[in-house]
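Fit chain E to the supplied structure of chain Z, relying on the hints for placement.
Residue numbers (this note's numbering), protein chains in the order written: chain Z, 32 to 549; chain E, 3 to 232.
One or more of the hints may lead you astray.
Claimed, not checked - Far from chain E, by Cβ distances over 10 angstroms, these chain Z residues were calculated:
| hint | residue |
| --- | --- |
| 1 | LEU154 |
| 2 | GLY457 |
| 3 | SER459 |
| 4 | PRO462 |
| 5 | LEU463 |
| 6 | PRO470 |
| 7 | ARG517 |
| 8 | GLY534 |
Unchecked claim - Under 8 angstroms between C-beta atoms, here's a sample of chain E residues computed to sit facing chain Z:
| hint | residue |
| --- | --- |
| 9 | ASP15 |
| 10 | GLY19 |
| 11 | PHE50 |
| 12 | PRO69 |
| 13 | PRO70 |
| 14 | GLN80 |
| 15 | LEU96 |
| 16 | LEU104 |
Note that these hints are calculated values from the structure, not bench results. Just so you know, even glycine gets a beta-carbon here, dropped at the ideal spot from N, CA and C.
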Amino acid sequence: MARRVVAISPKTGIGAALLVLALILAALGAVLSRAEPGLGLGRSDWLAIRFTVLQAVCSSFLSVLLAVPVARALARRQFVGRAALVTLLGAPFILPVIVAVLGLLTVFGRSGWVNVALGGVGLPQVSVYGFHGVVLAHVFFNLPLATRLLLQGWQAIPSERFRLVAQLRLGPRAMFRAVEWPMLVQVVPGALALVFVICLTSFAVALTLGGGPRATTIELAIYQAFRFDFDLGRAALLSLVQLALAGGMALVALRFVPAVSIGGGLDRPLQRWDARGGVQRIGDGLAILLAAAFLMLPLGAVTLRGAMGLPQMPATVYQAAGISIGVALASIVVMLALALPMAGWIAGRARGGVEAVGLLGLSASPLMIGTGWFILINPHADPTGFALAVTVLVNAMMALPFALRVLVPPMRDILQVYGRLSATLGLSGWPLWRLVILPRLRAQIGFAAGLCGALSMGDLGVIALFADPDRVTLPLQMYRLMGAYRMEAAAGAALVLLALSLGIFWICDKGGRWRADV
Amino acid sequence: MLTFEEAGITQGDFTLGADFSLQQGRKYAVIGPSGAGKSTLLGAMSGFIPLSAGRLLWKGRDITDAPPGARPMTMLFQDHNLFPHLSVTQNVGLGIRPDLRLDVADRARVRDALARVDLASHAAARPGNLSGGQQSRAALARVLVQARPMVLLDEPFAALGPALRREMLDLVQALVEETGAALVMVTHAPEDVRRIADEVIFVEGGQAAPPRPAAALMDNPPPELKAYLG
Numbered sequence: 032m033a034r035r036v037v038a039i040s041p042k043t044g045i046g047a048a049l050l051v052l053a054l055i056l057a058a059l060g061a062v063l064s065r066a067e068p069g070l071g072l073g074r075s076d077w078l079a080i081r082f083t084v085l086q087a088v089c090s091s092f093l094s095v096l097l098a099v100p101v102a103r104a105l106a107r108r109q110f111v112g113r114a115a116l117v118t119l120l121g122a123p124f125i126l127p128v129i130v131a132v133l134g135l136l137t138v139f140g141r142s143g144w145v146n147v148a149l150g151g152v153g154l155p156q157v158s159v160y161g162f163h164g165v166v167l168a169h170v171f172f173n174l175p176l177a178t179r180l181l182l183q184g185w186q187a188i189p190s191e192r193f194r195l196v197a198q199l200r201l202g203p204r205a206m207f208r209a210v211e212w213p214m215l216v217q218v219v220p221g222a223l224a225l226v227f228v229i230c231l232t233s234f235a236v237a238l239t240l241g242g243g244p245r246a247t248t249i250e251l252a253i254y255q256a257f258r259f260d261f262d263l264g265r266a267a268l269l270s271l272v273q274l275a276l277a278g279g280m281a282l283v284a285l286r287f288v289p290a291v292s293i294g295g296g297l298d299r300p301l302q303r304w305d306a307r308g309g310v311q312r313i314g315d316g317l318a319i320l321l322a323a324a325f326l327m328l329p330l331g332a333v334t335l336r337g338a339m340g341l342p343q344m345p346a347t348v349y350q351a352a353g354i355s356i357g358v359a360l361a362s363i364v365v366m367l368a369l370a371l372p373m374a375g376w377i378a379g380r381a382r383g384g385v386e387a388v389g390l391l392g393l394s395a396s397p398l399m400i401g402t403g404w405f406i407l408i409n410p411h412a413d414p415t416g417f418a419l420a421v422t423v424l425v426n427a428m429m430a431l432p433f434a435l436r437v438l439v440p441p442m443r444d445i446l447q448v449y450g451r452l453s454a455t456l457g458l459s460g461w462p463l464w465r466l467v468i469l470p471r472l473r474a475q476i477g478f479a480a481g482l483c484g485a486l487s488m489g490d491l492g493v494i495a496l497f498a499d500p501d502r503v504t505l506p507l508q509m510y511r512l513m514g515a516y517r518m519e520a521a522a523g524a525a526l527v528l529l530a531l532s533l534g535i536f537w538i539c540d541k542g543g544r545w546r547a548d549v
Numbered sequence: 003m004l005t006f007e008e009a010g011i012t013q014g015d016f017t018l019g020a021d022f023s024l025q026q027g028r029k030y031a032v033i034g035p036s037g038a039g040k041s042t043l044l045g046a047m048s049g050f051i052p053l054s055a056g057r058l059l060w061k062g063r064d065i066t067d068a069p070p071g072a073r074p075m076t077m078l079f080q081d082h083n084l085f086p087h088l089s090v091t092q093n094v095g096l097g098i099r100p101d102l103r104l105d106v107a108d109r110a111r112v113r114d115a116l117a118r119v120d121l122a123s124h125a126a127a128r129p130g131n132l133s134g135g136q137q138s139r140a141a142l143a144r145v146l147v148q149a150r151p152m153v154l155l156d157e158p159f160a161a162l163g164p165a166l167r168r169e170m171l172d173l174v175q176a177l178v179e180e181t182g183a184a185l186v187m188v189t190h191a192p193e194d195v196r197r198i199a200d201e202v203i204f205v206e207g208g209q210a211a212p213p214r215p216a217a218a219l220m221d222n223p224p225p226e227l228k229a230y231l232g
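Chain Z with its partners taken away, still in its complex shape:
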């Protein structure tokens, strides 16, 4: 009812948003200046586009379809370890892609556990490379995400609805039609769209499991044009294709994509009176068991193999680990310097704004930005000298949409509750941030910093494009070890990387909540 108390000056926030926009547009401009449209797209480029779309379609449908029974089981069952499993579903989000890939290779690879088992009973082997592998890895990463989204949908169904179902004695089918189907119709398109866009821009999975003319994504094609052919014109052209495809899809997806709650709140099972039958119990148990095994086996495999590989790690791994820690910490600082003013600005506005920035983060491909900045820096200096700086910047920008989703709602609450008090006291500017906003937002800042740190720690993107041979990050070092078939050493590095990623997330998240006041 009262006039909005504008306690936060929007200038810094708008400045930060413009800076992000400028960084992306500068890269886009540089790419455009090099793209040669007359060149047209070659056969291999069309193949890459086809593969990109095809694998994204398959990955998103498989992820979401498989997530339905898992989410349903989690929504209506109570068991020991349920909360832990729901938490684990959030883990792939901060899991370094290359670590997961190594885990999948250990389980599903040529001499992996599954193939050894299949060979033991005389069955043909499965291949983890190419289309299958890319889809498998994408399902590994996105099945948990889709499950969480659907679980949110299930938990948003009012419990009165289930009470009514119990009272009317609806059978499983009638109940599905009356209650669950309408919810799924609302939630599934959003989950599909989100997973589709994520898979569209995926790079590290395609780099490690794809490759060759029949399993190359656009993102990977950019990398190859850049790195092996040093064909900047083609890299630029592909970057534009990627931007148009991912940006266009993100624009379409935005209509459906639900608000992703990355935080808690999902560990509360509803009281349910239905689905007490034996078949349903067994089905639910099976769904949960399979999903848990699918998630935990590769992680367990990496840990086991990594522990054995630790002694074989070359000293370069430790050096790379140090650099990765530096990159992650710098990314956190840059991300917070951008996200906090932007969140203040967005929270001060009536509504909206977050979506546009999120769209920017979804559609601007890291490799496009990397290529653009390489083109910009190249005439003036050796770009490899700036590889780490560009990596820091890109990592911070990739974490920005998630950080804003975490920071904006509580920022809005703070302004709502303490805006008037701050205004009567004349609190504004830096004192307002120092005394009110930062202390009250500590938990969310810690969480956002943890996300950014973990994402940055595990990122294998821009750095692969133009790294200084002597100063590489841990994921790239690990990739090089894998490329040299030093799998045990790579597994050791994977364990270190896993510990660092989870560790930085844990420290930031705990640090934010440590002795926090209500």
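This is chain E only, laid out in the frame that chain Z set:
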């Protein structure tokens, strides 16, 4: 002296008119039915709700567009008068300097104010560890160090029990008499009006009536006030 000069406040369909002056050192009670606009009137005084017509003057100076912090008044709200993550001392210190860079003299003032409201022993506590009455007293200590010429109360003691509320009102009365500030308080309770108000602003039917002497008004209320008091 604060003057509403043919002021109007519009919020959607709701309008409220005010055209009167408040004097230094007087104590005003704002009464009227729920939803009549008592809080809105205080919001307009303190700068949280813009005027849609007229002007607001402080000693002849136009403060219609001044931000809340730049007005000669301090206000206590129904809730959230303290920052829960800051100590009592810090909360009171904010009343002296919003950036909390307090010198020795400032700190002494904070200590004195806390002693005045009997909170000296809780100076380092967080508001969450205080009782409701203690929280109110901490907020009043801040009002004391702010030393503004006007104190606005938008029912800050509504959640307290009757005895505690009376105690707080007595404390408020003592504090404003010490500082010579004017007091404007929203209240629902006729006994509060009799207890401390010199004059009454009756808000009803889209109009905040000019202040009238409290005792005479309460003893002999006009029909619409009589209807409200029951």
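Hints the structure fails to honour: Numbers 2, 3, 4, 5, 6, 9, 10, 14 and 16, in rising order.
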